[in-house]
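*Asks:* Protein chains in written order, with our numbering: chain A, 324 to 440; chain B, 324 to 440.
Warning: the hint list may mix true and false statements.
Under the rule of at most 27 Å between Cα atoms (straight-line distance), these lysine-lysine pairs were calculated in the BS3-like manner [to be verified]: (1) A:K402 / A:K435; (2) A:K434 / A:K402; (3) A:K435 / B:K435; (4) A:K435 / B:K434; (5) A:K371 / A:K402; (6) A:K434 / B:K435; (7) B:K402 / B:K435; (8) B:K434 / B:K402; (9) A:K401 / A:K371.
No lab work stands behind these hints, which were simulated from the structure alone.
Protein chains: 2
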Amino acid sequence: MSDHQEACIFCRIAAGDMETAFVVETDRVVAFDDISPQAPIHVQVIPKRHVDSVHELGSGDTALWAEILDVANRVAVKKGVDESGFRLVSNAGPDSGQEVHHLHVHVLGGKKLGPIA
Amino acid sequence: MSDHQEACIFCRIAAGDMETAFVVETDRVVAFDDISPQAPIHVQVIPKRHVDSVHELGSGDTALWAEILDVANRVAVKKGVDESGFRLVSNAGPDSGQEVHHLHVHVLGGKKLGPIA
């Protein structure tokens, strides 16, 4: 594991170092409950490989991006919010509120959600 | 154009019926400014083909989903928020606040954004 990965909390979670219970795990993606949930259902979907944000995904990452969506949709079903509704959010950069600089897609639901911005 | 497409405002925008100025247009995707912006930059990225929401995208839609992300990232650059930061949001179903039942990814930026839920 590189020094960068050592320092990145989401790389450590993806590697299993934190003994995180995964809601869904695939070859390239893991999903886990947010530790400070902002809704009754709040799951993070992340690539195992370090990517800073969605803005860093390029034409070579098509399969990874599709796998992230597939996992997010499976999370919605598994958490029982596929019918009631859910929101996907990914923040990139300073103004967005991105806190961990490892690409993550929030899956939010379980209540009437508030404004998006 | 089917009756369904006639009734869907985003199908009509994508078809050019509303004379919408597109921020970016590709073979399968268009992006346009939201008419009720919730941030200084608020662009909708949508597939030209009707899809109800992200929850309806499946394994056959990998290229479309990648094109939506590519357009969103190009919108961020074109609107000058790729460095300052931006948020991607897609709502699906009742609790999420989804208003138009044609898949759309919001690209938001231009200010410090608020809570995600």
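*Asks:* State for each hint whether it applies.
*Replies:* Hints and how they fare:
Between the alpha carbons of A:K402 and A:K435 the distance comes to roughly 15 Å, so the proposed pair stays at or under 27 Å and holds. Between A:K434 and A:K402, the direct Cα distance comes to roughly 13 Å. Compliance with the 27 Å bound is thereby established for this hinted pair. Between the alpha carbons of A:K435 and B:K435 the distance comes to roughly 23 Å, so the proposed pair stays at or under 27 Å and holds. With a CA separation close to 24 Å, the supplied pair A:K435 and B:K434 stays within the 27 Å bound.
Distance restraint check for A:K371 and A:K402: the Cα-Cα separation of roughly 21 Å lies within the 27 Å cut-off, and the hinted pair is therefore satisfied. At most 27 Å may separate the alpha-carbon atoms for a hinted pair to count; A:K434 and B:K435 meet this at roughly 24 Å. With a C-alpha separation of about 15 Å, the suggested pairing of B:K402 with B:K435 holds against the 27 Å cut-off. For the hint linking B:K434 to B:K402, the alpha-carbon distance of about 13 Å falls within 27 Å, and the restraint holds.
Distance hint between A:K401 and A:K371 is fulfilled; the C-alpha atoms sit about 20 Å from each other, no more than 27 Å.
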